[in-house]
Amino acid sequence: MKDDDVIEGREIPAEEQEKIKDKIIDDIDSTKLKFYENLRQKVRGWTKEQLGSLGGKLGEYVFLLPDFFILVCRLALDKRVPVKQKMIMGGVIAYVMMPVDLIPDFIPVIGLVDDLVLVVMALNMILNEIDPKILSDNWSGEGEVLEHLKKITAVAEQFLDKHLLQKIKNVLKRL
1 MKDDDVIEGR
11 EIPAEEQEKI
21 KDKIIDDIDS
31 TKLKFYENLR
41 QKVRGWTKEQ
51 LGSLGGKLGE
61 YVFLLPDFFI
71 LVCRLALDKR
81 VPVKQKMIMG
91 GVIAYVMMPV
101 DLIPDFIPVI
111 GLVDDLVLVV
121 MALNMILNEI
131 DPKILSDNWS
141 GEGEVLEHLK
151 KITAVAEQFL
161 DKHLLQKIKN
171 VLKRL
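Counted the way full-length UniProt numbering counts, the sequence shown spans residues 1 to 175.
Do not take every clue at face value.
[What the hints assert, rightly or not] Straight line, CA to CA, 20 Å or less: simulated SDA-like cross-link-like pairs of lysine to any residue:
(1) Lys34 x Pro99
(2) Lys42 x Lys86
(3) Lys162 x Met97
(4) Lys167 x Lys42
(5) Lys169 x Ile103
(6) Lys151 x Arg174
(7) Lys86 x Lys133
(8) Lys34 x Lys79
(9) Lys34 x Lys133
(10) Lys42 x Thr31
Since the hints were derived computationally from the structure, they do not count as laboratory data.
Here the structure is a predicted model, which is why all the values come from computation and not from measurement.
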């Protein structure tokens, strides 16, 4: 028996555990997948309209935000991820979904940069605590997740204002 299998001092029967698991996954799928698809469509539409076929690096990296968002949601549910890291992922999910950010989301593409950088920094942070295979197992985006993390981190540190980066790091510390 594991701690996860106990509610209020009683063991949860296997049948009930499956029902709970299915409900949690259904709730996350319906709510978060809708957010995921809306986010992807907004970014693609604006980038195509404003930046043309080139799109630039910014658009390329912001297109990864929905994939990183789903990765964070999956990590929050993965039994191999320790509770402390799951709590961090929960905070990241809340930050990304909140309408109030360091850079307002209503600013097309640019408004999603703080979300992306926060997600990437949080993933880098928990990567020291979990097996990188767990990240790869939960990644459904294109390319290698670890390569994306490295590239986005390097670009963020090179091009973003140091004060903004510090504010993002402060948000992470609070999580």
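Item to check | Violated hints - listed by number, lowest first | outcome: Those not satisfied are hints 2, 3, 4, 6, 8 and 9.
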